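Chemist: In the order they appear, the protein sequences are chains X and E. Heads up: the first sequence begins at 682 in my numbering, then just goes up one per residue. Heads up: the second sequence begins at 682 in my numbering, then just goes up one per residue.
None of these hints come from the bench; they were simulated from the model. Some hints could be false.
No copy labels: a pair is met if it fits in one copy or bridges any two.
Claimed, not checked - Derived SDA-like pairs (lysine to any residue); straight-line CA-CA distance at most 20 Å: (1) 812 / 688; (2) 1035 / 688; (3) 736 / 722; (4) 706 / 742.
For clarity, every value in this text was computed on a predicted model and none was experimentally measured.
Number of protein chains: 2
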Amino acid sequence: MTFLRNTQVANLPTNPLRRIFEQAKPGMTNLASGHPNPVYCDHRGLEVATALAAKEQRSWRYGASAGDAELIDALPPWQAPVGGASTLVTSGAQQGIFLACQCLGAPGQTILVPDPVYPAVLSVAVLLGVKVRTYCGESPATALQDLARLMQGHDDICAVYVLPTFSNPTGETWRSEDRDALLELCAQSKVAVIEDDPYRELWFDAKPPERLIERAASLGLTTEVLSLGSLSKIVAPGLRIGWIQGNPDLIAAMTAARQAMDLQPNALAQRVACHYLQSGALERHLNHLRPQYASAHATLTAPLRAAGFSRLKVHGGMFVMPELPSGISVAGLAEHLRSHELLVAPGDAFSIDKSRPSNRLRLCFAALPPADLHRAGETLVAAVEAWR
Amino acid sequence: MTFLRNTQVANLPTNPLRRIFEQAKPGMTNLASGHPNPVYCDHRGLEVATALAAKEQRSWRYGASAGDAELIDALPPWQAPVGGASTLVTSGAQQGIFLACQCLGAPGQTILVPDPVYPAVLSVAVLLGVKVRTYCGESPATALQDLARLMQGHDDICAVYVLPTFSNPTGETWRSEDRDALLELCAQSKVAVIEDDPYRELWFDAKPPERLIERAASLGLTTEVLSLGSLSKIVAPGLRIGWIQGNPDLIAAMTAARQAMDLQPNALAQRVACHYLQSGALERHLNHLRPQYASAHATLTAPLRAAGFSRLKVHGGMFVMPELPSGISVAGLAEHLRSHELLVAPGDAFSIDKSRPSNRLRLCFAALPPADLHRAGETLVAAVEAWR
């Protein structure tokens, strides 16, 4: 391509998940995608909000680059800005990840990301010319050890990317004490934290620990936290409404960058989100959603536990990333399952260090109705039995 | 700002137009903004389209990064892809400008932009670390001379940005022969063309010449044209629906870049746009809009012509950029007009070379009703008379 002169664009990695999604055929049972089932969408509430938005002139006009002030005010209490933080409305959390990495990292600097990782973060780094080094994402304890080692004496490290609550892909949640240790470490090393937190409200039995940005304020730490939220997993991904909160100077810089990139968030979608939130529909919807997700997780994992899968426990979110019973190869199993019309995401799709093959699968329990989840669990178990 | 490590973000210029807009107070007559008057918005048609979109599951779900295929098919015939080109739906034409500059230009390479220019292009270049050199944007003839000189022997030039139809800020339109000369020059120099074309359908009496991307195909030229369109000026800016057309390989690269930046276009807004276009409402709306804009232009410019302003003729679009009668300073006049509650955009807001003060004003005739336009024209004339 003569005219594609930007090598950062030319070198963008293909998201391995997208390659898996391409294998999805009609009729297949899909545990690989992270797309919530439409039955978990409050279509009626959204239709009401949309009808209100459609009647307003401001839904059709230019607006502020930082987003609709009324929408920012309408964000739920668990997303209230803390410690003097500002809020910028983004086109989904993905734009927030991009803006945060862009502002915090000059080209050539390093961002620390977990391995396994949500792969879209890697594309962001390549596009920005920012380097990536990995910390072990298997557990918060190993992550903290790795991060302490990596930050020591490396002043090219500008930020840590972390998904501390019902993580994608692992489903793992950082406890309060792990969060405190992370925040203190980053304060000492003057490394900013990018907190990616779209699954927080999908808890099963108990609310997760405070957001990192809140916890830093509670502890009076100087840690610079940019915290990302989104309506994609709790209202509708097609709305493309996310937000980023942090230090007002950083938010102002990100607002200027986004103005150059796409001027402003979608006015119509912001008004729909604003009416939806103002109506109180979100809390009702979440109250309805949480037990369904808890039950979906239980339905999928019960047969797996009996068959020797481990790491099945999560406390919320949409994903579980079980470790296979010993002696089973992930690649072979995924292939076998595909021939039985069941699509799963092998752990390697989220690995950065490809030298250690993953023995885990990421399974999304939010995409399928209970009967399908039950059948999928049984197919998985049967496949493992056949292998033995 | 310790944590704002990206100097390209830190150095983003403030768009001088935004500083002018901040001076707008309620009750002021605003000829400075390029925001169409809500009376020119087909609210009824949009409400109907929105009601249809709200009932569809796909309005709320994830979709393709390149955009909704049905929307791309529903684009009007004057935006049909030509010569095997592909289409990518963008969040307004601004995202198209960003993606085009990002893909075509590696950091350190040069993009040629007109002076005077639509200032948001300059922010894009700073953010990408791409250099800008200017060509004279006063007329296509001077532009062509300058471009030929600039391209000779400079192999760091990757693209020319041009707004050839009812330009912002000048209102100028490139004739067919000027377009041909530009395309041939760029083919010879292997320089890509970024054709920014959001005003094309707002013609007064006659359709403008073919788009550059179409003309290149008609002439069988090898010129690489990336052509940007938008619904912002003809349907509603709040929808944030634009598109970029060009060589499928370049479009694929831009699609990968946008996927890293914000995943995909807004699903709801795409469905609204799709239903609006499929209903035939756009052609009806444009038939209604064109004579109103022609008449708005005539109303504003008639008194100016009599008072010695020149360069008042445009054939469509939303802007006219008159030259003041000799002896009048733009800055002084703009200041004086502001004290008379009339806001105008001085030509300098669009100038890159600040050493030659502009003696022009950009006036938007799409933002005000006829009575206000008439009064604004008279206020302008009275201000010039008072100055003499």
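Chemist: A separate judgement is required for each hint: does it hold in the structure or not?
Modeler: Taking the hints in turn, this is what the structure says about them:
{"no.": "1", "hint": "812 / 688", "result": "both (15 Å within a copy, 17 Å between copies)"}
{"no.": "2", "hint": "1035 / 688", "result": "neither (23 Å within a copy, 34 Å between copies)"}
{"no.": "3", "hint": "736 / 722", "result": "between (23 Å within a copy, 12 Å between copies)"}
{"no.": "4", "hint": "706 / 742", "result": "between (40 Å within a copy, 18 Å between copies)"}
Hint 2 alone, counting from the list given before, is not met by this structure.
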